[in-house]
Structures are given as C-alpha cells and as structure tokens.
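**Q** Next come the chains, spelled out residue by residue.
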Amino acid sequence: MSTRIDQRFADLRKEGRAGLVTFITAGDPDLETSYEILKGLPQAGADIIELGMPFTDPMADGPSIQAAGLRALKAGGSMKNTLSMVTRFRKHDNATPIVLMGYYNPIYIYGVDTFLKDALAAGVDGLIIVDLPPEEDEELCIPALKAGLNFIRLATPTTDDARLPAVLNNTSGFVYYVSITGITGAASASASHITPAIDRIKRHTDLPVAVGFGIKTPENAEDIASVADAAVVGSAIVDRIASSLDAHGKPQDGIYQHVLGFVAELASGVAKAKKTPA
Amino acid sequence: MTTDQPNAFTQGPNDHGHFGIFGGRYVAETLMPLVLDLEKHYKAARDDQEFQSEFAHYLEHYVGRPSPLYFAERLTEHLGGAKIYFKRDELNHTGAHKINNCIGQILLAKRMGKKRIIAETGAGQHGVATATVAARFGLPCVIYMGAVDIERQKPNIFRMKLLGAEVVPVTSGSRTLKDAMNEALRDWVTNVDDTFYIIGTVAGPHPYPELVRDFQSVIGREAKAQMLDREGRLPDTLVACIGGGSNAMGLFHPFLDDQSVHIVGVEAAGKGVETDQHAASLTGGRPGVLHGNRTYLLQNEDGQIAEAHSISAGLDYPGIGPEHSWLHESGRVEYVSATDTEALEAFQLCCQIEGIIPALEPSHALAEVMKRAPNLPKDHLLVMNMCGRGDKDIFTVADALGVRL
Chain A
209 MSTRIDQRFA DLRKEGRAGL VTFITAGDPD LETSYEILKG LPQAGADIIE
259 LGMPFTDPMA DGPSIQAAGL RALKAGGSMK NTLSMVTRFR KHDNATPIVL
309 MGYYNPIYIY GVDTFLKDAL AAGVDGLIIV DLPPEEDEEL CIPALKAGLN
359 FIRLATPTTD DARLPAVLNN TSGFVYYVSI TGITGAASAS ASHITPAIDR
409 IKRHTDLPVA VGFGIKTPEN AEDIASVADA AVVGSAIVDR IASSLDAHGK
459 PQDGIYQHVL GFVAELASGV AKAKKTPA
Chain B
-3 MTTDQPNAFT QGPNDHGHFG IFGGRYVAET LMPLVLDLEK HYKAARDDQE
47 FQSEFAHYLE HYVGRPSPLY FAERLTEHLG GAKIYFKRDE LNHTGAHKIN
97 NCIGQILLAK RMGKKRIIAE TGAGQHGVAT ATVAARFGLP CVIYMGAVDI
147 ERQKPNIFRM KLLGAEVVPV TSGSRTLKDA MNEALRDWVT NVDDTFYIIG
197 TVAGPHPYPE LVRDFQSVIG REAKAQMLDR EGRLPDTLVA CIGGGSNAMG
247 LFHPFLDDQS VHIVGVEAAG KGVETDQHAA SLTGGRPGVL HGNRTYLLQN
297 EDGQIAEAHS ISAGLDYPGI GPEHSWLHES GRVEYVSATD TEALEAFQLC
347 CQIEGIIPAL EPSHALAEVM KRAPNLPKDH LLVMNMCGRG DKDIFTVADA
397 LGVRL
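If you're matching them up, the sequences are chains A and B in order.
Quick note on numbering: the first sequence equals residues 209 to 486 in the numbering used here.
Quick note on numbering: the second sequence equals residues -3 to 401 in the numbering used here.
Same shape as in the complex, but just chain A (with noise of 0.2 Å):
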C-alpha cells in the first residue's frame, strides 16, 4: 500500500535532494495560530510535517518542545483539535504527509480503534508514538497497521546491530535515526558522526532515513541531509514560535514571516546539501 509518504520519498529521489522534516506542536501558542502556521509549511518548504500531539509529561523532550506542549494545552490544545487542524489543513493540502508525533496515553484514552479510524478520517498518514517501543506492538503499531497508517519507528545510537531487525520489523515509510542519545533540542551530531550509522540501517533496510534531534540550523540541516534522506528540525522551529510571543503569551505581527521564514531557510539549507549517498 502506497502512501503519501512513500510517495513524497519516491518524489524526493526523483528530484535527487533529501527532504525537510518540521515539526511543531499542535496548537501552540493557540489553535488559530498553530493552524495558520501548519498551513504555511509546505510553501514554507516543509517536505513532510510532524505535528506533536501535546502530553503533560514528554519525557523525552527537552526545554523547548516541553514548553510548546504546556503553551498547547493551555490554549485548549486536545486530542480532538489536532485532529481537526489536520482535517483542516487537508482541505488545501492533499500532497504533503502528516505525521503525528507524541507519547501514547492521550491515544490510549482516546481509545485506540476511534484514534485510528478519526486520525484516518482526518487526513493523517503516520505516527511516531516516543513511549511505543517494539516489546509493545501489540498496543497500537499493529493496529495502525492494519487501518494502513504508517508507523515510523525511532533507531537510536543505543539500538545495536542486534536490536535493529526488532525496531524496523514493523516500521514504514521512514525510519527516524536519533542522532544523539538524548532529549530532543540537545547538542548536535554531524553528517560524520551519523554516516556509520545511517550506513547500518541501511544495510537492514530498504527504507528512507531522516535524522532528528539537535538540528538547529541552515547549515547543520544542509550537513544532515547530505548524507540522510531528511533532516528533522523542531526544537528549533519551536523556539521561532516562543521568541514570537509577547509577555501575556500571545502571538506577536510577524509571528508567520519569522517562523515560516526560517522554515525556508532551512529548506534552502537541504536543497543546497551535496548528496554523499550513503
């Protein structure tokens, strides 16, 4: 089954680039904002979009995703609004993947089976569930499956040779590398570090591989990507969002040109990337 993900990587090898990979969490700083936001990335530059579902306790986020989710839920972000912002977005968009991002309890409380046939009905395409790992499949990647969402799994430098065929058994449309071992928005690796290990994955699949965390600016995006299939950035992006609201919270003018602006920046960064295939 071909998805919209498959097919934005198969574009991507046509065009011979790597591609971009934003993320920002539904709903902050207020759904309005968020959803003018979410509607701007693809022009923006924006390959594919991960939109983080928000959770009171991301434990495996840092400082500035954390942040986003409580802005989130402070502005009334739920389970429900970010299904609706992707229904939303669908009505303009029917090319650029969405990929829900977050830790498992808001779904489990949803309910499973009405999260999957409403994320469907929405206009989602995968899931990347940070407190899912393989031991727990059972849970909702088999499901999801099932209902034909992708779900991307995350390798990290802590997922040995031994490990892997578990992690990508059950893992479409891309493989999430985790550069570092660490919260996301921590230190950087570079395209040297990362190329052993995007090396091995590959050598276990035929899947496209992004690489995420500590993806801070153009020029590490343009490292990245030239030896990924794409780079990750949401820490990044979300600081853009925070920096763009006054004392009270609210969103400043500009809050779209200095957000979106810098999307396109690190858009130009990946196109500008000499491809070093892997």
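Careful, some of the hints might be misleading.
Said to hold, decoys possible - Below, simulated EDC-like cross-link-like pairs (lysine to aspartate or glutamate); rule was C-alpha separation at most 16 Å, straight line:
# : chain 1 : residue 1 : chain 2 : residue 2
1 : B       : LYS110    : B       : ASP33
2 : A       : LYS288    : B       : GLU297
3 : A       : LYS282    : B       : ASP298
4 : A       : LYS282    : B       : GLU303
5 : A       : LYS288    : B       : ASP33
Unchecked claim - Residues on chain B that point at chain A, a partial pick, calculated with CB under 10 Å:
#  : residue
6  : ASN10
7  : GLY13
8  : TYR22
9  : VAL23
10 : MET177
11 : ASN187
Keep in mind the hints are simulated off the structure, nothing from the lab.
Cβ atoms here follow ideal geometry from the backbone N, Cα and C, with glycine treated the same way.
Position chain B relative to chain A; hints supplied.
**A** Below, chain B without anything else, positioned relative to chain A:
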C-alpha cells in the same frame, strides 16, 4: 472475587513485565536496550547467592534489620478491638523503608559497573536514601526534585547536600514528583553509558516494579517469621499506606498467596476523593500509560496527567505501582483511602499514646487501623507497616495545626 484469578499472586510479572494488563515497558527506544540490560543483570543477581548475602549483610549492619514487630499495646487498648502490631521500618537508617531498595539497587549498579547514580524524589526521603548509599559506595549522585517540593522540604535538601549529592531543581511541568521523574528519565536517556537510575518505588518500566518489590519484600518476610514466632500463626489483616506503593508491596507480597490474610492498602484522599485535590489513583483515576508502565493514573478526559495532592509529600503522586493496579482489579487486595484530616488525627494519637512520631505517610495507614480495629475481635492479629518516622514532618504538622515554631 472473580473466578479467573491466577493460582498464585506471587508469580507476576510475566516475561514482558506485565501484571495482567498493567506494567510493561513504555519507554523511548534509547532507553529500551538499557532496560533490557538491567533485567538481564537483575535476574542473574537475584539467583546469585553471593549478591543475596551481600544484600543481607548491608541490611543487617548498615540499615539495622530486622526491624522489630512491635505490639502496640496502648493503641490496642485504646481502640478496644484487634491486636495491633507495628512493623517498625521507621527505625531503619535514614528513617524509612526507602533504604532497603536503595541498598539493593546500588549493589546492582556496582555489579553492572555503573559510575554515576541518579534518582527522583518527592518529599526527599528517597533522595536522602539514595544520597546515603551513593556516599557509602563512593559514587557521584544527582537527585532531581520538583522546585515546588524543594520549597517545602528544605531540611531534606540540606541532608542530601551533606551526603554529597547534587540536587537539581526541576522547573518543568507542575514542578513536583512526576516532573522530577520525567527529568531523571531525560538524564538517563542522555547519559546511557555510565548512569544507573535508582527508582524509588514499585513503578517505572519493567523490571523496576519487580526488583523494587523484591528488595522491599524483606519487610513482609520478616513480619511473617516474627508473627509466627510471637503468635504461632499468620496475621489476619495487613495495612499499609500507598503512594507509588513500595512499602505496601514489600509487606504484602510474601502474604499474597496466604488466602486467610486480609490485605488493605490505603491511598491518600487529600482533601477528599470527591474533590480534585487527592492522590488516590485507584479510587479516583483510571488506567493509562506514564513513566514506562500502564497503571491507574489521575488524569483528565484527554489523557493529560493531573496533579496529585496530599498533606504527605511522599504520597503525592498521580500514579501507583502496576502490581497494585492488578491486585486491585483481581480483588486480592482491598484499597481504601484516608484524608489529610484523618491522617493528622492518627499522627497525633500515635505520638500521644505510643510515644512514636510517625511519618505522615503511615499516618494514613494508621487512620484506617483506627476505623477498622474497634470492629474486630480481640484475637484478630493486625499488622500495620510503620514505614517512616515523622521528624521530617513536624513543620508540616505544626503548620496544619496552626502552631508557630
């Protein structure tokens, strides 16, 4: 009770770390290999006679075990019913049951060649116990503690610092215990090579609920032997307080398959379970996934975790160990709750007629004993886990009673 009960309540968890639908390993991939490695080493240690002897050695000579099983004669007379015994874990080194688990885990850390210790703490008791064993075994130690808790537990901050630990204030989220646990997990995910995370209760990803329970089960094993020695038979009722539930699991576990023993866990009802200010996860929560395991959690209809409230900082956690959730649903253990006010009354009674200043945590268990004991016959043997002493709580109690120190 339901008919499809397991034959043995002491056999859990299964190979995947599940107690029924509870437990499991809901952690980020970076941590997964570490959790599997810990499980492998723990299994080997558990079966290693040398490890067990070393554990027993430190429990005896450093912690001061066995703790007495004390007949609370005046409380028994006062309540006029069941014969009440206290399992005196408040007499342990550092003043609570927490040290039992910390000794076990630091020996495991040493065995695994880890060079650095981290832990979360709410009231500071687990932080103090962890800092204590880290000092004893010469390992650097970082304790994560919510900024809100730091404000209300200043003496314990100083204790941890005296013991050489670094105390890191956690300013994310609600800035209490659950956020301290998030921050400790973030540290662990960053420092995967050299760091051992000493979790303080029977929660977290498998194998933590199991190994913490096993280390704490010394409480129940001793109590059983002591009761057989004193009374020639098993107790009729066990009572213990529950935040995460490690002291309770430690007392209960060796008795789970003794069907004649009635077992009661007491959650913190704060200002009342009908309010939104309590910490009674089983009474007021529902199953969810947090901190690596599925268990009962206080949360809203969107799956966002709620803040807990209790006068006792040690019970102030929106979750509970997964094995308790399982024992609750299977009906083997009865779970009830006691309010801040009831705990305060029990606290004062215990000071006045037993000459024991209990911690606010076991004061909740004592509140249940006060409700239950008068209606039981005089030959009914009741054991309550006096899991901590109350020196740390005198400021909180003074404040609640309107006394200026």
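**Q** Does each hint fit the structure? Answer for all of them.
**A** Okay, the hints, checked on the actual structure:
1. B/LYS110 - B/ASP33: Given pair B/LYS110, B/ASP33 holds - Cα atoms ~12 Å apart, limit 16 Å.
2. A/LYS288 - B/GLU297: Distance ~11 Å between A/LYS288 and B/GLU297 Cα, so the pair holds.
3. A/LYS282 - B/ASP298: Judged against 16 Å, a Cα distance of about 13 Å means the pair holds.
4. A/LYS282 - B/GLU303: Holds - the C-alpha atoms of B/GLU303 and A/LYS282 are around 15 Å apart, at most 16 Å.
5. A/LYS288 - B/ASP33: Violated, at roughly 38 Å.
6. ASN10: Where the cut-off is 10 Å and the nearest Cβ of chain A is about 12 Å from B/ASN10, the hint is violated.
7. GLY13: holds, 9 Å
8. TYR22: holds, 4 Å
9. VAL23: holds, 6 Å
10. MET177: holds, 8 Å
11. ASN187: holds, 8 Å
In this structure, the earlier hints numbered 5 and 6 are contradicted, and the remaining ones agree with it.
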